[in-house]
Structure formats: C-alpha cells, structure tokens
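Participant: As a plain string of letters, each chain reads:
There are 2 protein chains.
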Amino acid sequence: MAEGIGIIGAGVAGLHLALYLQQHDIPVIVYSDQATQQMASGRIRNTVAHHHTTVAREQALGVDHWEIGQYGYFCHHHALGSPGPGIPPLRFPGDFEAPSRGIDYRVYLPRLALDYQERGGDFRVGPVTGADVPALAGRHELIVVATGKAGLAGMFPLRADKMPYDKPMRRLCGGLYHGVAYSAPKGVTMSIAPGHGELLEIPMFSAEGFVTALLFENVPGGATEILADAQYGDDPKAFENLVLDILRAHHPAVFERADPAEFRLTGPDDLVQGALTPTVRQDYVQLADGRWAIAIGDAHTVVDPVIGQGANVASYEAWELGTLITEDPVFDERFCRKAAARRANRVEATVDWTNLMIGLPPAPHLLRLLGAMSASRPVADEFTNNFNYPERQWDILATPERTDAFLARHGMG
Amino acid sequence: MAEGIGIIGAGVAGLHLALYLQQHDIPVIVYSDQATQQMASGRIRNTVAHHHTTVAREQALGVDHWEIGQYGYFCHHHALGSPGPGIPPLRFPGDFEAPSRGIDYRVYLPRLALDYQERGGDFRVGPVTGADVPALAGRHELIVVATGKAGLAGMFPLRADKMPYDKPMRRLCGGLYHGVAYSAPKGVTMSIAPGHGELLEIPMFSAEGFVTALLFENVPGGATEILADAQYGDDPKAFENLVLDILRAHHPAVFERADPAEFRLTGPDDLVQGALTPTVRQDYVQLADGRWAIAIGDAHTVVDPVIGQGANVASYEAWELGTLITEDPVFDERFCRKAAARRANRVEATVDWTNLMIGLPPAPHLLRLLGAMSASRPVADEFTNNFNYPERQWDILATPERTDAFLARHGMG
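If you read the protein sequences in the order shown, they are chains A and B.
According to numbering that gives the first Met the number 0, numbering within the first sequence proceeds without interruption in unit steps and concludes at 412.
According to numbering that gives the first Met the number 0, numbering within the second sequence proceeds without interruption in unit steps and concludes at 412.
Since the hints were made in silico from the structure, they are not lab data.
Fair warning: there could be bad hints in the mix.
Identical chains blur together in the list; that is why a pair holds if it fits in one copy or across any two.
In silico lysine to aspartate or glutamate, EDC-like type, Cα no more than 20 Å apart, as pairs [claimed, not checked]:
1) K236 <-> E261
2) K236 <-> E224
3) K337 <-> E400
4) K161 <-> E332
5) K337 <-> E347
All figures in this text were calculated on a predicted structure; none of them were measured in a lab.
The following block holds chain A by itself, in its conformation from the complex (with noise of 0.2 Å):
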C-alpha cells in the first residue's frame, strides 16, 4: 500500500517540504543519508544565507529559530575595484526591505530534521541511490528527489537550453574565519576584484558563534586562483596569510575589517574548495512502474553560489510543491507538468541571473546596471531586495533593454 509521500534528501528542499507536509497532515518519510547527529559535522556544506522569503517560510513552518534582530543581517555593501587606470573604485549599499540570516548547516540542518522528528516524522537513515527509487516508488505515491548527492540527479535529463557554459567559471573558495569585525550596518559584502573575481562576506551562525564566511569566487587564471588550490592542512598560517594577503590585494573592503592577530579559519572541516558547472535538468521523469519522480533542490538545479540563491531556490522549490501537493495530491503526468510550469519564472530567472553574473568578460548592461547603483540608493535598494525576488531581478537584467527601462523608471534613462 502507498504511503504518501517519499522524500530523499534531508538538505534545505527536503526538510522544508518534509515539515510543510507534515504540518498538512500528508504522509511523508524523509530518506536521509545521513543521521541527525551526523548532519551537525563534517566539512562545511556550504556558506549560504536564507533572505527573507526564505525565513519567512521558517516562520510558517515553525523552524524559526534564530531571532531575526540579532541574527539576521540587513543590506548589502558593494564594493568594487578599479577596473583600469582612471576609473575610481565604488563603494555602495543597498538595503534589503527585511533582513536575512546566515545560519551554518550544520546547525541549521540537524535542527529542522530533529524539528521534524520530534513532530513525530519518520526519518529513515542509509544510503539511496538511483537503484533503489524503484523499490521506493513501490511504497509511495510520489517520489521527490532532493538531493544530487550518489547520482540522483542523474535520473532527470540536463537541459542544455538552460545550461550556457559547459565547466565551472569560477573556481571556489569558502570558509569560515574568526577575527574578521562585522560591517555597520551588519551585512554582507560583495567585493569585486575585476578581471580575477568576488569576494562574498557574509556573518554567518554556526557552533562557534557569530563567524564570518569568506566565500572566493575565483576567476579561472586570476591572480586569487590560488585560492582554490592551497593546502589549509600543509600550514594552516601560511593559508591564512595567503587569504589575509589576497584581502589585501584584492577586497580592501574586507580587509580593513580584519584583524591580523585574531584571523583563523575556524577549523579544519570549515574550508571547501572545488569549483562547479551550473546544470538544470529536467523536472520529473517517469518511473518504470508509471509513477512519477519530481527533482527540486540540487536535484532540479545546481547554480553557481555567487549570488547565493541555491538554497533559497530549493526551499523556494520545496514550498511550491508542497502547496501544490495540498492542492491536488493526484500523482499523474498533469500534477508533475503543473509543478514544472509554478515554479518555472523564478527557477529559470535564478539561474539565468547568476550565469549572467559569473559571466566573462561582465555583460556591459551589468556593469552599466552597477554604476547606476553606486549613484542611485534606490537603484541599489532594489537591486539588493530584489535577492528575494530573482524573477524580478531577471526582469531588470534579462537583456539590455530590459535593464535600460529599469534605468528610466529610476530617472536615470
């Protein structure tokens, strides 16, 4: 017999729809790779923040744990550097209309899972792979795969129409660092360094405390390449001073707000580095028994972290089948088409948008649409909120003269 819902995955999509199902007393069980304990170590999964319609589904949900006041953060600064001789660097905020909030996964993620248990949610842990969605199937009514992780995503075709580059255009390197003071007002800083790549800063919550991410999305061949390649564990200060030195060179921003004597990587396991190509597949497939298998999360898409939508797309994901599901809980081609086609603008708008912004060279119409920022509060406000909204960032962005008209309507046609 069918028990509603089958989930694998316990990362941000299958937790947000494991408790969005749950509280809509719909039978789920989460098939989790890893126990709850085991999901609060390890290395770091991520640097991600949740904006505020991410938190926002936290607040329906009852997961929301983190004050917002105090863990929460409330704008963006901007920094960019001088692209060539004569051009000044930039330095510019924009406000979010309510705050985000950069919690570490392995705090946020174990808790949402005990969440859902202490609910009464089954939660079985092993390993599933692509082999066992079958057998899965056959206890199910409906099999969402929120994971990319031991070759899921691999059951949903790529969408080479939604996939512009074909390896990674930047090469990673996030952590998290003690000795690195928070920027007034609290929020995270975007430093730009043309022609070698960005640095994300963001406050981040994790068992240490209050730390600070540095996310480095490093141009392939830029000088902060290195980056992506040096050995934390060979000689943990001579890393810490090639970070401290590249924060020098290249996000001066961050830098002044980083005290030599206290800056650390806060241990070992908080270090990832690799470099990934942005993919989207297809939204559901057919199983062989006539069943269907949705993909949300890493599943679905995998988008560059340099925007930091990934997360906020697969909760975003997560919330509208779960609504769906609540809707019309008939688990045909028409259920899985509906779902596809809800969700499609924002999905398609986030990775478009962060293609366009690992982009090489920079589009002229971004560039054009950053100095408007640094001249424009109101143009960087939008811009900044708009991380809530990435249909409507795409609506700015999409072409350029889509970003012109935004312009005129700012008055700045």
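Mind docking chain B on chain A? Use the hints.
Facilitator: Just chain B now, kept in the frame of chain A:
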C-alpha cells in the same frame, strides 16, 4: 512616439483590459469597430453569464452596475434525460459559493464602454483589419488583439495540440424568450437529452428587462438539430411552437416552467444560430517591426458555449495581462512568454474541459461524475462552483483516474 497599449476590440476582453489599465494610469487606446450606441443594438452576441470570479473583477474595476442579489443567480439545476430503457431521468441542483450573473451584452458592453470613456478613455471607432496592425503597432508599445473579427485572430497561428475537433460538435440555437418562469432557487438549468444535445436555460437581463436565454446545443443528426436551421423570420409563431415542442419532448425540466400562451422570442434580433469549431491559437506573435502582439479573448481561444466559459476566460485573460503590464512593462519576448505562462493553466483547462463536455459519445468518467453529482450534494456543489475555476474542474476530469480520486475524496471510491 509610442503611446502605451493599443487594444483592438471592445468586447469583454478588450474592455476589461482597458478599464484595468486606465485604473492603473497606463496609457491605452481602444480600437472598436462599433461606436458605443451601435454596441447596444443589432443581433444578440451570445447568451453568456459571468461567474463570480468575473463579477469580482467587475467589482474591482468599478463596473459592477447590476446588484448581484437582484440580477444574479445562485445555482445550477441539472436535468439528465434517460439514456435508455430502465434508466430513470435525474434531477439535482448544485450551488455556487457566490452568485453568477447574466446580462445581455447589448446592455453590458456599451455600459462598460461608456464607463471607460467617461473616465477619460481614448475610444476610437472604425474598422481594423490585419492590414492595419503594422501601423497601429508603430503607435504603441504593445498591441493586444482582443477580437476574432475581421480575420484578426488569423495573425496568431493555430495550436493543433489543443484542438481535438476539426468541425463543430454542436449546432447552436440561442435566443431570448419571454414566457419561461425562473427556477427556484433562481439558477441556470442544464438539461441533457442523451444523443441529442444540451439546453442551457439562463436567467438574463436585457433591454427588455428580465428574460430567459435558451441555448440549444444540438448534436448533428439528433432530434433537436432542426432548431439550428429553422427560420424565425419565415413564421415566428411556427418557430416558437417548434421550440416549445422540442422543450416538451427533450427538455421537460424547462418546459414545465414555460407558459405556451406567453412564450415568444423577445425580438427578431434576439436569436443567434450557427456552429463553431473550437480553436486555440498561439499566445503572441512578433510583428515585422520587432514589436509584439498578444492575443486575448476570441483572438486566443474560441470554445463551444456549452458551459459558458468563453466570456469568463476572456475577462480572466484581460486581467492577467493587465496585472503583468503593471508589474513588468517591458514588451519583449520575455514579457510575452510570461503572459502566456501565467494564464496557461486556467485557459488550457477551460479549453480541455469544454472539449470534453461536447465529446461524442460522452466520456464514461464524465457520466460517472454526473451520476455521483446526483447522489452527493457536496460533489454537485463542487462541480458547480468550479465553473469559476476551470483548472480545478480539469483537475477532476482530466483523466478517469482523477475523477476516481475526486470521488474517493468524497467517500465515493
């Protein structure tokens, strides 16, 4: 210099959009082939009623001129003739959550056209054909084609994937009559004569006051088809007697309320006979100068009137397009794609549901649903109220399995 939005057509789609844009201070010009006073005369245009979702739009637009308690109706009365020996006829009602309303379009449209003009709207009268569209496009940022007249719909290619029929499935005879007492509670009667077709009896307000619309949907080759060919002008009394005879023989639930002494067509122009092949067209096209034209209402879809959805979906398309124009006034392909995507679920459901209702022979799961409605008031109420929400109706009727799931939710598994 481009002047906002150009709307070709002053039917419900064109006027609802024009009023919406006017209300939001967006420049708009309506191009109508009829002056306001001409819209008040001539042959009856249809026998459609507006369901509450449409009435709510009229309220928001400030054109809710006909007090709903007096002019509205509250339910559907279903009368199913016996399909064969030993199977009894069935009668059962279904309630709306909020009233619907039928107003003769020769009263309705000129009133709304006047509202628009009295509020300062630019309303230009004259013929417009496809040949005029390029010149109009040069004067506007976006062209909206809101009429199928003058071959304008032909700008938009047909969508064969949504057109199961290559010929009309019913031959129509719709007219306004005196001499039929309203049902109690006041409602529409949907009478089905198996093998011969349907009758929709609709309380309608016309220039004559409260009258009754009778829309005969006649199956080609059936016993009532003669109504589609009978010539009222040759012998009005003979025509009316024929209608009475057919009511008596095939639609007794309505005949019971007809007073033969008073029964008559309200006037020679108050009759429309014909047939139509349901069409769906592409949502938008690019014009030679690079601008875009979007189809709404009849230019986009023409459905059989059997469930009276045409005007309601036209209003819905106007509303959805209006909201998108206020949200994202950049009229490029992205805009058109979004316009198409946001209306697709309801519009396609309207088309698919209507086409199911006129299918021959009737689909077994549709008959199963009608049978369940006769046995369960909640089922009948939900089907009835879903005339406001075609996408929900299609959730119930898209497949036999969906009908089964719906009935199971009502304890009729």
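Participant: Each hint should be assessed against the structure and marked as holding or not.
Facilitator: Status of the hints after comparison with the structure:
1. In this homomeric assembly, K236 and E261 come within 20 Å of each other (Cα to Cα) only inside a single copy, at 11 Å, whereas the closest approach across copies is 101 Å.
2. Proximity of K236 to E224 under the C-alpha cut-off of 20 Å is restricted to the intra-copy arrangement: shortest distance 19 Å within a copy versus 92 Å between copies.
3. In this homomeric assembly, K337 and E400 come within 20 Å of each other (Cα to Cα) only across copies, at 17 Å, whereas the closest approach inside a single copy is 31 Å.
4. Within a single copy, K161 and E332 get their C-alpha atoms only as close as 22 Å, which misses the 20 Å cut-off; across copies the closest is 16 Å, which meets it.
5. In the homo-oligomer, the alpha carbons of K337 and E347 lie at most 20 Å apart both inside one protomer (15 Å) and across protomers (12 Å), since each shortest distance falls under that limit.
Hint check: no violations occur; every hint is consistent with the structure.
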